[in-house]
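Going down the list, the sequences are from chains A, B, C and D.
Throughout, the working numbering is defined as the position within the first sequence, counted from one, plus 137.
Throughout, the working numbering is defined as the position within the second sequence, counted from one, plus 137.
Throughout, the working numbering is defined as the position within the third sequence, counted from one, plus 137.
Throughout, the working numbering is defined as the position within the fourth sequence, counted from one, plus 137.
Don't take every hint at face value.
It does not matter which identical chain is meant; a pair holds if it fits inside one copy or across any two.
Stated by the list, open to error - Straight-line alpha carbon distances no greater than 20 Å define the calculated EDC-like cross-link-like pairs of lysine to aspartate or glutamate that follow:
{"no.": "1", "residue 1": "Lys389", "residue 2": "Glu366"}
{"no.": "2", "residue 1": "Lys343", "residue 2": "Glu250"}
{"no.": "3", "residue 1": "Lys474", "residue 2": "Glu170"}
{"no.": "4", "residue 1": "Lys474", "residue 2": "Glu186"}
Derived by calculation from the structure, the hints in this document are not laboratory data.
Number of protein chains: 4
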Amino acid sequence: MEKQHKLRIGIFGGSGYGGSELLRILLFHPNVELVFVTANEQAGKPIGEVHRNLNGLTHLNFVKAPETLDAIDCVFLALPHGQAMDVVPGLPANVKAIDLSGDFRLRDQAVFEKHYKQPHTAMSSQAEFVYGLTETNREAIKQARLIANPGCFATATLLGMAPLVANHLLSGRVVVDAKTGSSGSGAKAAANTHHPQRMNSFYAYKPFTHQHVPEIEQELEHVGDWTSELVFMTHSLPVARGIFASIYAEAKEEMTEDEVRKLFADYYRESFFVRLVNGSPDINWVKTTNFCDIGFAARGRQIVVFSALDNLVKGAAGQAVQNMNLIFGLDETTGLKLVGTNP
Amino acid sequence: MEKQHKLRIGIFGGSGYGGSELLRILLFHPNVELVFVTANEQAGKPIGEVHRNLNGLTHLNFVKAPETLDAIDCVFLALPHGQAMDVVPGLPANVKAIDLSGDFRLRDQAVFEKHYKQPHTAMSSQAEFVYGLTETNREAIKQARLIANPGCFATATLLGMAPLVANHLLSGRVVVDAKTGSSGSGAKAAANTHHPQRMNSFYAYKPFTHQHVPEIEQELEHVGDWTSELVFMTHSLPVARGIFASIYAEAKEEMTEDEVRKLFADYYRESFFVRLVNGSPDINWVKTTNFCDIGFAARGRQIVVFSALDNLVKGAAGQAVQNMNLIFGLDETTGLKLVGTNP
Amino acid sequence: MEKQHKLRIGIFGGSGYGGSELLRILLFHPNVELVFVTANEQAGKPIGEVHRNLNGLTHLNFVKAPETLDAIDCVFLALPHGQAMDVVPGLPANVKAIDLSGDFRLRDQAVFEKHYKQPHTAMSSQAEFVYGLTETNREAIKQARLIANPGCFATATLLGMAPLVANHLLSGRVVVDAKTGSSGSGAKAAANTHHPQRMNSFYAYKPFTHQHVPEIEQELEHVGDWTSELVFMTHSLPVARGIFASIYAEAKEEMTEDEVRKLFADYYRESFFVRLVNGSPDINWVKTTNFCDIGFAARGRQIVVFSALDNLVKGAAGQAVQNMNLIFGLDETTGLKLVGTNP
Amino acid sequence: MEKQHKLRIGIFGGSGYGGSELLRILLFHPNVELVFVTANEQAGKPIGEVHRNLNGLTHLNFVKAPETLDAIDCVFLALPHGQAMDVVPGLPANVKAIDLSGDFRLRDQAVFEKHYKQPHTAMSSQAEFVYGLTETNREAIKQARLIANPGCFATATLLGMAPLVANHLLSGRVVVDAKTGSSGSGAKAAANTHHPQRMNSFYAYKPFTHQHVPEIEQELEHVGDWTSELVFMTHSLPVARGIFASIYAEAKEEMTEDEVRKLFADYYRESFFVRLVNGSPDINWVKTTNFCDIGFAARGRQIVVFSALDNLVKGAAGQAVQNMNLIFGLDETTGLKLVGTNP
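Chain A on its own, in the form it takes in the complex (with noise of 0.2 Å):
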């Protein structure tokens, strides 16, 4: 790509907070443009009134819809679950896409009615879609033109088991106990993010249920035949935001954690935003960043990985845009070196 073309990029669905997050990082990409932002209520107020941190860094305002996508190279798709399916089919063919909903992950339709609870009206479209789990994809998602995000439970485990997975080194179930923050309810108050309540809870939800878990079992079977028992837990934190899944793994053989670490390094060589940690991460200090911190304990055959990253980003929209990056030949870190901070 020269360096005088920018990338002409829009946002479909610009006012919840995975549209924030694109928003904080695309204003700001060196290669990028960004052409227009649509949203529902919000259309016609600047985007500084709605994203109040942004006052001041842009001047553009929320659109209904865009008039036109002829000079679009890619869209990202930021809406609610439901919504990218009726968008996608009418993409003209020269305009790239990044989906960050459910919508297009799931390669069963069935299994995605069931998760989803509605019909799946785009599956033809769905079978051009790359999933975009960046560290396990990157040769496809280079060649993609349509990218299914993952969710942020499913990257946090993926990028904790995937290295495991790959060797075929796991035998017998694996429990997932994983955690998010607040944010991940998305911008709308409800009865579970009201405050008075949340700072002091702690609590699990959809035991067995949660949606990501077909998209987790998926790419694992592709990563490396995955044919074990995943037993998955969500859980909600006081935080606003952070996901930490504890991945409770039993190898073939005992292992000790140097090997399991030398393996992690390995498997994630070229992945600058997989950091491998002493001891356990903590969401603390990948928050509003695009690191996904991986710490490991292992005693016999059993190994535990933590895994740690920010739900809206690296779970979201910063994985988003490291596969934009990738599809247009860039250098996958580049405008994502989002520095967190101390405290």
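On the provided structure of chain A, position chains B, C and D as indicated by the hints.
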């Protein structure tokens, strides 16, 4: 009152936070038999299912409306603003009532209608109401049939100002910088209590226009012929519970901190629930209790009073029960020695 | 016990959080007269100055040491790990004792010394101790003179596992993913409880090595001949209070959620403080109370039990008083119906 | 400045929060080459191990002391109060310096010694220092070699008062009710930042005596011949980051909110980092950024100004870099468009 006979009590509006706290207190009050608790959407459900803290502690269910008020001694009204005025005029003359809303606090209809933005339909009942700030109005409350329980901000502010105003020590405007926890917004989820945002927020709201201002001024006139200007500002804190008021006053002559303290100690000699502290109070030490902690600083003629209480207890349900105790000749602390926790 | 005579009680170590919670309960226990409370650095100070929640509620001062133990019925030891073993051997034979530390929980000296990293100097006293998990050990506790009060993680885990283990229903390893609030680290400030960092943190610690593991395994052997592997992992939550344990077990045969629930309901029929809930428990609903809330999910042979309690109450001081009640023939709930709050 | 040459920069004191934020900014500043970062206890350790947010983003290690200052253009001093005065007198004349501590802010030695409770040993150096509040002192800063970077409370207060004072519009005392997040207490754990207590706390501290008061008054005199009384009160908020100042002033004549706004808009016309907002600002929208958001309310002669900023950025490290930019002829926003997040 004979110990054998328990007060027969009803609650109108038991599903919000005011109702929740009334239940926490009244279910365990040694002189109370709780006869009914109404709720609109939750009617028919066990109380312990809605207020899950009470699970296992009561078998009562919410009802749509009481079957009869015949043998009821007293009702608490914990309804949204504007609904108590529909209930009170229809109460039998033998039923006493304590209203936690703002409906009957203001004696001036025009002032009410300006601040609550609705017509008042029961001003003739209002004339019978006594303002229920126990510490300034104890004797009148003992004789009252109808009590207008003070607002949470008003309670914190008035307790911090009453001794100074009653002794005519102040000159010039008084600035009150008041802060509240998120439970002050009620039990319904709303944009300003959405956890991902609220947990990192602090902001001012309703500058100069908070509806508690006229009740504060009305009561200050009653306490000590108040004629000065009150600059009153409300802010939102990222905690669940607590009001903290910083009150900046100017004395007519220089006063030391000790002189201020002595003045307050005299004024609150009979008031168990006002605790004078060294240095600043902290909302942490009054949370879940009926205490109002008060501290001071002074320099020359400048006096600062810090007042801290739990908005749902001393600022609402606790004070309401304190008033009930007085009305029925009980010690005002009965059932109200709710012990706080560390941490 | 005659109602006229109150139990004469002393507390060793009243300045920490365990002591703070013992005071909150025992000062208001109808059958208790609190005779002394020791503290080291705070000796001489009023209790209400150190635990400012108790300001106005007690006139007691901390003492360096009791003058005599002659007329004392029972002492609570809320000392740092390693100090109770200095006190217990010197107690008069007529004084009962309940130790909240880990000093006397483990019957195997080598295991103690490995996990607590210090020599044990009073193993002969240890032999007299009964493990104070009320719900699994009620009859033995009634006869005991010395009680080793369980650890907070151990309580949450054991209450979630006991019915399954006692009925010999499990096969294979059990994974326990446990999380605690920051008060679990004690009342002294430390790097891991520094607010600017902790408020946005979630992380794992002490993988495979937490000192509660051996007491859990010891008690599981007692409850049901446990021989399986326990994979136990502790994590830190950014709340003040609460333990939440997610327990992943595999039944020998398929079980429905209802079957699991019935099993627990039978096992805890006499246990007021265990509440079985629909869906997941939430630490929000047990905070400041002596309840342990338990919920379930099941799929095929996979069983997940969620257990939530307040680490300082059911996980420490509350359970200690529950045991005192049993030892002295009182109803085990006496003085312990500490009502939680909403919010 | 030619673009080819980067400024060679050193940091004294890189392990605290001021240092942490300087690193977050300077490591990615386009015109900066970071040459050394000192730390005492952490000397020898990789920066990314101490500030784990920077893991993977720098290979620098902390050093005990720089080998030489010969080719250094500028140093930042982020040392505890009282240590910069040991360093500054020994700096080579060609090295510029920006001190984040309070050592060189006050021109009156007696006032310094009263507020900082230690002797001042370098008052001759002090005479060379320029007070680094960019928005009120821009031209002087451009010419300065030594900068005393303002305190966080002082920055919030002065930015909220300067336009009013510079235009001589106020009469009578001004009340400033200021609140800070817990990171204002520094990176070391302490009792007042112990998470179990702090998360539910709000309290006042240092009434009338905060060390930022004299620097505020000194700069107000400089800005507009200030002679009135300042009533300044600091409070602690349970958030990690943020200063919020509520400033209560009285105008000589009545002013509308619009008139106040216009005044501020004129005064800050050239000041990118001051954003005037409708209604109240919120610390949530400035966290991690160099913005100071300001809002207003007015009634008669009463004016309230609300000022919100991040204590570690505009209140410390960000403003320090803003000053560095000015000193070296760069646009003052260079490297400082740190984008906040929603949520």
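Cross-check of the supplied hints:
no., hint, verdict
1, Lys389 - Glu366, "both (15 Å within a copy, 16 Å between copies)"
2, Lys343 - Glu250, "within (17 Å within a copy, 42 Å between copies)"
3, Lys474 - Glu170, "both (18 Å within a copy, 18 Å between copies)"
4, Lys474 - Glu186, "between (26 Å within a copy, 18 Å between copies)"
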